[in-house]
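Could you put the whole structure together from the sequences, leaning on the hints where they help?
Number of protein chains: 4
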Amino acid sequence: MAIPHLLRAAERPRARNLGVPFDGTPGPLDAITDVRGVEVGHSTIIRGKGALKVGEGPVRTGVTAILPRGQQSDRDPVFAGWFSQNGNGEMTGTAWVEESGFLEGPVMITNTHSVGTVRDAVISWRVRRGAPDQTGYWWSLPVVAETWDGELNDVNGFHVKSEHVEEALSSARSGSVPEGNVGGGTGMICNGFKGGIGTASRKTSEEGGGYVVGALVQCNYGRRVDLRIAGVPVGREITGRSPREDDSGSIIVVLATDAPLLPHQLKRLARRVTLGLGRMGSISGNGSGDLFIAFSTANPGAAKTTGVGSPAMLPNDRMNPLFEATVQATEEAVVNAMVAAETMTGANDVTVQALPHEEVRRVLRKYGRLIESQR
Amino acid sequence: MAIPHLLRAAERPRARNLGVPFDGTPGPLDAITDVRGVEVGHSTIIRGKGALKVGEGPVRTGVTAILPRGQQSDRDPVFAGWFSQNGNGEMTGTAWVEESGFLEGPVMITNTHSVGTVRDAVISWRVRRGAPDQTGYWWSLPVVAETWDGELNDVNGFHVKSEHVEEALSSARSGSVPEGNVGGGTGMICNGFKGGIGTASRKTSEEGGGYVVGALVQCNYGRRVDLRIAGVPVGREITGRSPREDDSGSIIVVLATDAPLLPHQLKRLARRVTLGLGRMGSISGNGSGDLFIAFSTANPGAAKTTGVGSPAMLPNDRMNPLFEATVQATEEAVVNAMVAAETMTGANDVTVQALPHEEVRRVLRKYGRLIESQR
Amino acid sequence: MAIPHLLRAAERPRARNLGVPFDGTPGPLDAITDVRGVEVGHSTIIRGKGALKVGEGPVRTGVTAILPRGQQSDRDPVFAGWFSQNGNGEMTGTAWVEESGFLEGPVMITNTHSVGTVRDAVISWRVRRGAPDQTGYWWSLPVVAETWDGELNDVNGFHVKSEHVEEALSSARSGSVPEGNVGGGTGMICNGFKGGIGTASRKTSEEGGGYVVGALVQCNYGRRVDLRIAGVPVGREITGRSPREDDSGSIIVVLATDAPLLPHQLKRLARRVTLGLGRMGSISGNGSGDLFIAFSTANPGAAKTTGVGSPAMLPNDRMNPLFEATVQATEEAVVNAMVAAETMTGANDVTVQALPHEEVRRVLRKYGRLIESQR
Amino acid sequence: MAIPHLLRAAERPRARNLGVPFDGTPGPLDAITDVRGVEVGHSTIIRGKGALKVGEGPVRTGVTAILPRGQQSDRDPVFAGWFSQNGNGEMTGTAWVEESGFLEGPVMITNTHSVGTVRDAVISWRVRRGAPDQTGYWWSLPVVAETWDGELNDVNGFHVKSEHVEEALSSARSGSVPEGNVGGGTGMICNGFKGGIGTASRKTSEEGGGYVVGALVQCNYGRRVDLRIAGVPVGREITGRSPREDDSGSIIVVLATDAPLLPHQLKRLARRVTLGLGRMGSISGNGSGDLFIAFSTANPGAAKTTGVGSPAMLPNDRMNPLFEATVQATEEAVVNAMVAAETMTGANDVTVQALPHEEVRRVLRKYGRLIESQR
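Protein chains in written order, with our numbering: chain A, -16 to 358; chain B, -16 to 358; chain C, -16 to 358; chain D, -16 to 358.
One should not assume that every hint holds.
Treat identical chains as interchangeable: a pair holds within one or across any two.
[Unchecked claim] The list that follows gives simulated cross-link-like pairs (lysine-lysine, DSBU-like), each with its CA atoms no further than 35 Å apart:
1. Lys32 - Lys144
2. Lys287 - Lys349
3. Lys349 - Lys36
4. Lys287 - Lys36
5. Lys349 - Lys144
6. Lys36 - Lys144
7. Lys349 - Lys32
If you're looking for bench data, these hints aren't it; they were derived computationally from the structure.
Following this line, the structure appears as structure tokens:
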């Protein structure tokens, strides 16, 4: 069955439009924004070409903002949990997520060497919005993660500025999410093909609660040889070389759900991301910063500081559909990132090829896994 | 001010009866059982004397049971969190406490080499009680901790049997808690003096919520030279030797509270136990199993497996009084254990001296810290 | 290419004999015992049939012992690290593994309700062997893990006794490892088929160091619907029902390597097991105790207590081949467990069907993944 | 016994010059720089007075740099471990410290809202130094920690710039360490008195290996009422108010040692910092970011990326003297910070009083704890 609304939502095909088989039922947008309230914004910086000159470019980078409760995100923290499958990366603010159980603002993703700029700019943004910073200290520990785009981008030129952070935050919206070479994902490489931003979602059955789990990835990990799509060893069947042959990239995964989960349950969700990457063939290489964060948009007001709260809590015994949704949404979000990303030429004329759609279809067909009717 | 009810509750003096100054306000019993519903039972095994013959004795050991919700403990799990300050010890069942956020039965404490017997006996007890084991697997991961009593006890003789576990469980009750050479604490050594079981509690102010935090310790850690009581270097002022000179013991601390805390907040509580041990002069030596578990008796029914729950939750911003109570109750429980324990002679006629009460008073007086009116 | 020695080593076919395609190069035995020094022993208890009567049977259970350095395992600890992907299970002794970096004896695996018996029996075994227990406390924290066999076995009858532990330990040997319905794996169920013990190994290339990574699993997890073999959705293609439909089982994975890894590096290895399970389709359900431990047989004498050691240490930058080997060996060990296990009828005449070999071949062929020449 | 060299080293008295009794034997400088190779640099920014105007000042802040191997710190990583006693704070780069076991450059400490600037500036510094950044990605995850100075400082004005980072790094040196209102500690408050930077060290006995443990703290935590010095309740005996009454500050502790410890052993050291804070009366309040990192200067070249290393490793059984040294050095470093810090007036004319030296002596004398001969 073709899914027309997906074709409308994105101008380019997404993985399931190509006939890649996935398990489970996606939400209407098949995106993290299927979780009501979640907004995503990108600031994409593409400038210059040719030889790299540090500080001048070429620039192929950006910032992506995920706002759990839209513009209320800094006023109404969400329960959250995080997990590091391989810690060769940065996700600031996690000591407080772990301790408090709360994510107190947006999750930002950028390149490795711009984490600091983005972090302080989020504070600045927050301060400019005025509001309850009377206490002064409750807003100070932004969550900012990264992957490394130094093959295509002048990463040591520090081209992300506070105005890009502002743009990502202020342009955030619900609805379909641009994927591929956008925002923090602009210059990324994934399994030897062009990577970037991808997203997907799953809706559990009515008896499972009808909850939504959405994943958004900044996808920059893996070797071509390891790439599996729908269990098929696609990476071995598509020849060609990549400017990055080793497993030195990273992947940041942001999970959102409207299921009423407590912090320790969200940590459980985050830990299931690894299973989704396992399906893709990942070995979580030494150089890979595989860092995951999960939050729940349930329980508005959970972070109030007086009285006694009574947050909704899903029993552990009812979490299996969410675990399944997490694995499936992660898997599809990665494929979506690769399907959406287009071939890019960056610094020093390095070119990273996009995942060739027809080749993928050919290989899936060879192994009896192509859903032909999708096109 | 003397505290007459404490004198009545225990037949022997407790630390504050000796004039040791403590901060904060204890509950009526100054015991973990001030947390409503919590019950404690001991099985004490003292048998034989003279030369050690493995399997025959002498025996100086036992089992202590802490039941969070009394005889309902296995039917109505409590939220819980745990922490290992130094992992040279065993606390079974913690992988599930960490994952689920629940403690699903009693906490048992015994000697190091009887953990297995006690663990399986708890399952056996549970099975005999019939009840909701229809599913079969939900009751299988008891929490059992230990410290090592091999100086006084024939620890390799495995003298703890399932009947002792049964006795500790069935004799558990609310009210004042026997301390010193009882239950799992029977053969323990602490800071070079006789150790064992100790307990204490704190009640937060009305504006702090009026919650109770109780601590129960099985106290077997530390060197005499490091011992501080109320900040006074008592261990250096009381001469004499101990059969254990190095820091090879351990301490298990069980925290109970009626404050409505979620699992990740209870873990925060458990992590504050270390601060209480810091006040006592501990360095948490390499050989010391310093393992702590905290649970909340709030939220009956929190572990239901259907629908959506709505557990009460204290804001993080209101936790400081509980942190303070934890540090203070831990500190006093350790001193109570040492004050209550009496001189014991065990295997191979090894003798461990009790903390000499008058000497402690003398040293506290010397440093201007004795509360004279206590006696 | 057929692998004759594998056919000789085991009397039944193993997964790759069936034509299941795997990545990487196995060691000579394709077993954890390819890591020199590692020995494995089983005690299998099969007794009675018909209606369950608690305490009488039927019995379908056992104990498996993995000895890192054979009979020297308790005298020469190995560096180790562990990880809990989902903590609905028990692995005793892990607080000390985490703290010290050492595994100080065998790893034992049994059923859920016999962990205690096995634990104390290991201490007893150790004590009977005499040896350096002069200090008394260094041998006290055995590592014992479990999965639940209550569908087929009278798990509440506590049929594992110390003699079975003794048998598993004393019968341990190098060479090929019996798989399937043996030892701790006797009564297990995996992905809706009969599960049990499985093993596999990988040898890294010469430039990768030529190190061996071996995995041994006690495999009791998963739903049929999720089962993937070699990326193929086998579980959906083979109809039929199982006495266990939900994801309430567990899997214990033991990793051995001769690569010179430090404790924190072994923890990294353990965390990669999840990626192997991801390839198999696991969602790590709420009821699943997914606990993994990794040790290195390099560095004999690393646990000496005097002087300063100088353990060999592989650079982090050289770990990728070991990560890959871990993922691959885990994946194959699970399939080996299912391929080796035979249909079993247990308590109350419950029957669990073995994985039907010809059906698996049929499905793999359908998806172009069968290696035809294997038979 | 007076310690003349300490008086010479610092122009102001330090804690032990006031007669505060401490346990253990300090190194020659009683500073983290007693660990050979460790260098410390400060950039102190004090500007303006009167009413706060965001972006203009007044400014009372700065940056402190701790270089484990001096100017070789970014070329020769050190083994490291970290611990969060209470995660209401930021320490970037810890995911990689945890994963790799290495600290790959300096530890920087600043105010909460300048962490980002400092982080990226460290990368910039590293890039400008040229060197082995060929690979591009190995230098990207600086460790930067913070505490909050918003009472005295225009923290939302972002006054720390890359030139201050450069100054702290380039001015780093061995020898005595300026304490109190310097560097990152410039605007800090501790236990209701002026806080800031403090340091101390301990040397273990010859039989303990003669190793040095040094601590450096940026001290901004605690309530006056909780303050204990040498076990004496100093905070209750010195009246007066503070601009900060609650426990909303933080403390960063950096531990250095020349003992050959592996990463997991350094984590053990970091976890002992809590015991030192326990002695000071800390309850580790909800608002406190209590984050600790420990590194070892032993094993130069440990991070080589080829071959097989053989780092020196101290047995766990020999760590107790280091645990003791850690507790003692932490305790003294905090007192040193408070003794060194001078009364400061900052934004909006808020004034924080210095710890009154004579009052401290008076209280210690009252409790029989003053070492009179020190002056």
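Tested hints:
1. Taking the shortest alpha-carbon separations for Lys32 and Lys144, both the intra-copy value of 20 Å and the inter-copy value of 30 Å come in at or below 35 Å.
2. Taking identical chains as interchangeable, the C-alpha atoms of Lys287 and Lys349 are never at most 35 Å apart, the minima being 56 Å within one chain and 44 Å between chains.
3. Taking identical chains as interchangeable, the C-alpha atoms of Lys349 and Lys36 are never at most 35 Å apart, the minima being 45 Å within one chain and 53 Å between chains.
4. Within a single copy, Lys287 and Lys36 get their C-alpha atoms only as close as 49 Å, which misses the 35 Å cut-off; across copies the closest is 29 Å, which meets it.
5. When the C-alpha separation of Lys349 and Lys144 is checked against a cutoff of 35 Å, the pair qualifies neither within a copy, at 47 Å, nor between copies, at 54 Å.
6. In this assembly of identical chains, the alpha carbons of Lys36 and Lys144 lie at most 35 Å apart whether taken from the same copy (18 Å) or from different copies (24 Å).
7. In this homomeric assembly, Lys349 and Lys32 never come within 35 Å of each other (Cα to Cα): the closest approach is 39 Å inside a single copy and 48 Å across copies.
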